[in-house]
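Chemist: Chain A is already provided as a structure; the job is to place chain B on it using the hints.
The listed protein sequences derive, respectively, from chains A and B. Under my numbering, the residues of the first sequence are numbered 2 to 411, in order. Under my numbering, the residues of the second sequence are numbered 2 to 411, in order.
Hints were generated in silico from the structure; no laboratory data involved. It cannot be assumed that every hint is accurate.
The list treats identical chains as interchangeable, and a pair is accepted whether it falls inside one copy or across any two copies.
Stated by the list, open to error - Straight-line C-alpha distance at most 16 angstroms; calculated EDC-like pairs for lysine to aspartate or glutamate: (1) Lys135 <-> Asp302; (2) Lys53 <-> Asp117; (3) Lys255 <-> Glu69; (4) Lys137 <-> Glu69; (5) Lys362 <-> Asp326; (6) Lys135 <-> Glu301; (7) Lys129 <-> Asp326; (8) Lys61 <-> Glu4; (9) Lys137 <-> Asp326; (10) Lys305 <-> Glu122.
Nothing here was measured: the structure is a model prediction, and the numbers come from that model.
Number of protein chains: 2
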Amino acid sequence: MVEVGDFVRIEKDGRVYEGLVMPRHAFSGKDILVIKLRNGYNIGIKLTKNCKIKVIERRKERIAKKREIPYDENKPTVALIGTGGTIASYVDYETGAVHPAATTEELAFAVPEIFDICNVEAKILFQKFSENIKPKDWQKMAKEVAKYLNKNMPVIVTHGTDTLAYSSTALAFMLKNLNNPVVFVGSQRSSDRPSSDAFQNLMNSAYVALSDIGEVVVVMHSSISSNGCFIHRATKVRKMHSSRRDAFVSLNSKPIGIVKNGKIEFYEKYEKKKSGKVRIKPNLNENVCLLFYYPGLKREDFEKIVDGKDGVVIAGTGLGHVSDDLIPPIRKLTKKGIPVVITTQCLQGRVNLNVYSTGRKLLKAGVIEGEDMLPEVAWIKLMWVLANEKDIEEAMKRNIAGEISERREI
Amino acid sequence: MVEVGDFVRIEKDGRVYEGLVMPRHAFSGKDILVIKLRNGYNIGIKLTKNCKIKVIERRKERIAKKREIPYDENKPTVALIGTGGTIASYVDYETGAVHPAATTEELAFAVPEIFDICNVEAKILFQKFSENIKPKDWQKMAKEVAKYLNKNMPVIVTHGTDTLAYSSTALAFMLKNLNNPVVFVGSQRSSDRPSSDAFQNLMNSAYVALSDIGEVVVVMHSSISSNGCFIHRATKVRKMHSSRRDAFVSLNSKPIGIVKNGKIEFYEKYEKKKSGKVRIKPNLNENVCLLFYYPGLKREDFEKIVDGKDGVVIAGTGLGHVSDDLIPPIRKLTKKGIPVVITTQCLQGRVNLNVYSTGRKLLKAGVIEGEDMLPEVAWIKLMWVLANEKDIEEAMKRNIAGEISERREI
Numbered sequence: 002m003v004e005v006g007d008f009v010r011i012e013k014d015g016r017v018y019e020g021l022v023m024p025r026h027a028f029s030g031k032d033i034l035v036i037k038l039r040n041g042y043n044i045g046i047k048l049t050k051n052c053k054i055k056v057i058e059r060r061k062e063r064i065a066k067k068r069e070i071p072y073d074e075n076k077p078t079v080a081l082i083g084t085g086g087t088i089a090s091y092v093d094y095e096t097g098a099v100h101p102a103a104t105t106e107e108l109a110f111a112v113p114e115i116f117d118i119c120n121v122e123a124k125i126l127f128q129k130f131s132e133n134i135k136p137k138d139w140q141k142m143a144k145e146v147a148k149y150l151n152k153n154m155p156v157i158v159t160h161g162t163d164t165l166a167y168s169s170t171a172l173a174f175m176l177k178n179l180n181n182p183v184v185f186v187g188s189q190r191s192s193d194r195p196s197s198d199a200f201q202n203l204m205n206s207a208y209v210a211l212s213d214i215g216e217v218v219v220v221m222h223s224s225i226s227s228n229g230c231f232i233h234r235a236t237k238v239r240k241m242h243s244s245r246r247d248a249f250v251s252l253n254s255k256p257i258g259i260v261k262n263g264k265i266e267f268y269e270k271y272e273k274k275k276s277g278k279v280r281i282k283p284n285l286n287e288n289v290c291l292l293f294y295y296p297g298l299k300r301e302d303f304e305k306i307v308d309g310k311d312g313v314v315i316a317g318t319g320l321g322h323v324s325d326d327l328i329p330p331i332r333k334l335t336k337k338g339i340p341v342v343i344t345t346q347c348l349q350g351r352v353n354l355n356v357y358s359t360g361r362k363l364l365k366a367g368v369i370e371g372e373d374m375l376p377e378v379a380w381i382k383l384m385w386v387l388a389n390e391k392d393i394e395e396a397m398k399r400n401i402a403g404e405i406s407e408r409r410e411i
Numbered sequence: 002m003v004e005v006g007d008f009v010r011i012e013k014d015g016r017v018y019e020g021l022v023m024p025r026h027a028f029s030g031k032d033i034l035v036i037k038l039r040n041g042y043n044i045g046i047k048l049t050k051n052c053k054i055k056v057i058e059r060r061k062e063r064i065a066k067k068r069e070i071p072y073d074e075n076k077p078t079v080a081l082i083g084t085g086g087t088i089a090s091y092v093d094y095e096t097g098a099v100h101p102a103a104t105t106e107e108l109a110f111a112v113p114e115i116f117d118i119c120n121v122e123a124k125i126l127f128q129k130f131s132e133n134i135k136p137k138d139w140q141k142m143a144k145e146v147a148k149y150l151n152k153n154m155p156v157i158v159t160h161g162t163d164t165l166a167y168s169s170t171a172l173a174f175m176l177k178n179l180n181n182p183v184v185f186v187g188s189q190r191s192s193d194r195p196s197s198d199a200f201q202n203l204m205n206s207a208y209v210a211l212s213d214i215g216e217v218v219v220v221m222h223s224s225i226s227s228n229g230c231f232i233h234r235a236t237k238v239r240k241m242h243s244s245r246r247d248a249f250v251s252l253n254s255k256p257i258g259i260v261k262n263g264k265i266e267f268y269e270k271y272e273k274k275k276s277g278k279v280r281i282k283p284n285l286n287e288n289v290c291l292l293f294y295y296p297g298l299k300r301e302d303f304e305k306i307v308d309g310k311d312g313v314v315i316a317g318t319g320l321g322h323v324s325d326d327l328i329p330p331i332r333k334l335t336k337k338g339i340p341v342v343i344t345t346q347c348l349q350g351r352v353n354l355n356v357y358s359t360g361r362k363l364l365k366a367g368v369i370e371g372e373d374m375l376p377e378v379a380w381i382k383l384m385w386v387l388a389n390e391k392d393i394e395e396a397m398k399r400n401i402a403g404e405i406s407e408r409r410e411i
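So that you can see chain A by itself, here it is in the shape it has in the complex (with noise of 0.2 angstroms):
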């Protein structure tokens, strides 16, 4: 008996099909065997009595097979962190749906073509999908990653891509003084579909693991139709698509580099690695908002919001805005010592609050200037910067982690 996820051959009218056996979908008919081909696509093959089904190798054994990961000694050694992810998942031939992987065998062979030009140390640190990964786990990747680092080993962290930039971003404060590239990488599509983006993208980020540059960065499809990746500096990049392979966009700045065919072209300045040991700081006061300004946003609903908070973060509108009756509820958290940082929901460009009266009336409040960085990325940092620095508005102005541009004219 043929089961879902089984490995068979099909002989059929002089044809030969070979494949997974899909889980029958509830539009193809009883006698329709679904399988995916090797290709990546599905067909369905109505079963008559001239068929002749074998099957290769139960979904089982395929699972269980265990497959031993090379080391060439003229290769440098990448660490591999796995996260989680649709980078690392499988598909449920049951269900149809996607779930998080596996063994440290299933993610070092994720891209097996890896190992033409490192070696790779694989780590499952958790399998999460990144919706529900939280900041005390990007204190554990830190302390993860700095292991490694600290074995002079480049780090790939594996990530899905739901909150890939917000950890990403954490680990740019978190980490110091890199003596190798930290690359954050992600994919779109699962490896089973024919569209998938795990390939390049994991090939592309050993790529720039073996680079001299000093920061975090994200690795991702520049283009739906390239087999480049965009270098984007950790805290400059946003998802900004819910499905497409280059979702991800650097705001307010380009891409550091690109990465295609093995070679690297840098648009931008960027950190060079250094030496010595890397240095992790990875408190965080996690008593932080980040609230998104709309026109229905009522003081009381505000007021509920931030009580009790040691920082808020607000995306307000254009340069920075928000509605005047917000503006006492705002001076009185300032007075009261705690920060609450403006940035723009905008996305795009930089909060300016000496152009409107009522920028002018928030700086009066004591608001601070959230400068040109995404709102997600002042929540972030504000967290951080609370739990490692003494001057908080010094600090929130202050570019650490290349989350502020300088100023240019557009």
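Modeler: What follows is chain B alone, placed relative to chain A:
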């Protein structure tokens, strides 16, 4: 004695300068007079003995001077409704800050060239920076706009850019059977600046007002270099830069078209204007919150924010996710019959809760997929739907005002 705001003529060393007297800046010396030249640039002139200064027009006279609005019976008449914002604002020469203006005449004469193509019936509805505009104001706008439409006049609404897209979206839901275009327009730089976009935006919105479009649209600069403006569908546009003139971008859709040199080129299908009367459905249930998910959002914070609301819109991550620990409180809401709509903070792309297990759990918990609606648009729509429709889920998933695009494979 020369005062700030006076228009003066200065002769010095054989050269003549004419301009508005500006306030002294901290960095200009006491013997420096700063004037804004007719071309918009400021210069500082050192006042020496051989300077001749003549006041051509006192500030107060200039402000008080009334102008008569021309009328040509051979031209169509366009209603110009002012709500405030930079496009109808003036620079306070005491502080350098920009304030909303002004009189009906000032509004009509903002761009006198408009009289070459139409008559203008100007009306100052209010004078607000748009960050202070609230849902109640949208209702006033809708009623006022409908009044003019039912006199068979196309309507241009001048509006601050910060929340322009919110207001135009609200009117797109409130106004039915449009018999003329409703054009929202703003400017990113005030008209006293040489780089102002006020002139082009307003002229181009007049051309759109005279077209056969039967939708609420937004007309704003298409690029920083061109004199063309995009015609955006109200429910698909978002302010995506704090200061650039081409800040408005259609997301998940092309602009409807471009207007340039008095001509419109269409990119997309659009509703043609209808015959008969416009109807308005201005009711809203304002007790709906818009919530931006981030990895530090704790369950208790979430519960505080949604407590007592009649509807909740969440900007989730990626395809529309939130962390697992928010699913039980979401289920509590939906069990009480409170709609919870999921959109994506990526802003681009469609929500799809069938791909990953988190999404499937959310669907089981009873959330409504927000398709490819912007989070702000879904928030406004839910307020409107709660007040005007019976089957909330059906209505949220049905395209009502161009807010949901047809599915296309990307």
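Chemist: Now tell me if each hint is right for this structure.
Modeler: Hint check:
Taking the shortest alpha-carbon separations for Lys135 and Asp302, only the inter-copy value of 15 angstroms comes in at or below 16 angstroms, while the best intra-copy value is 25 angstroms. In the homo-oligomer, the alpha carbons of Lys53 and Asp117 never lie at most 16 angstroms apart, since the shortest distance is 39 angstroms inside one protomer and 80 angstroms across protomers. With identical chains, the CA atoms of Lys255 and Glu69 are never at most 16 angstroms apart, being 40 angstroms at best within one copy and 50 angstroms at best between copies. Taking the shortest Cα distances, Lys137 and Glu69 never come within 16 angstroms of each other, neither inside one copy (33 angstroms) nor across copies (67 angstroms).
Only within a single protomer do Lys362 and Asp326 lie at most 16 angstroms apart by alpha-carbon distance; the minimum there is 11 angstroms, versus 38 angstroms between protomers. Taking the shortest Cα distances, Lys135 and Glu301 sit within 16 angstroms of each other only across copies (15 angstroms), while inside one copy they are farther apart (28 angstroms). Taking CA atoms no more than 16 angstroms apart as the test, Lys129 paired with Asp326 passes between copies only; the shortest distance there is 13 angstroms, against 41 angstroms inside one copy. Proximity of Lys61 to Glu4 under the C-alpha cut-off of 16 angstroms is restricted to the intra-copy arrangement: shortest distance 10 angstroms within a copy versus 88 angstroms between copies.
In this assembly of identical chains, the alpha carbons of Lys137 and Asp326 lie at most 16 angstroms apart only when taken from different copies (15 angstroms versus 35 angstroms within one copy). For a Cα distance limit of 16 angstroms, the shortest separation of Lys305 from Glu122 qualifies neither inside one copy, at 47 angstroms, nor across copies, at 44 angstroms.
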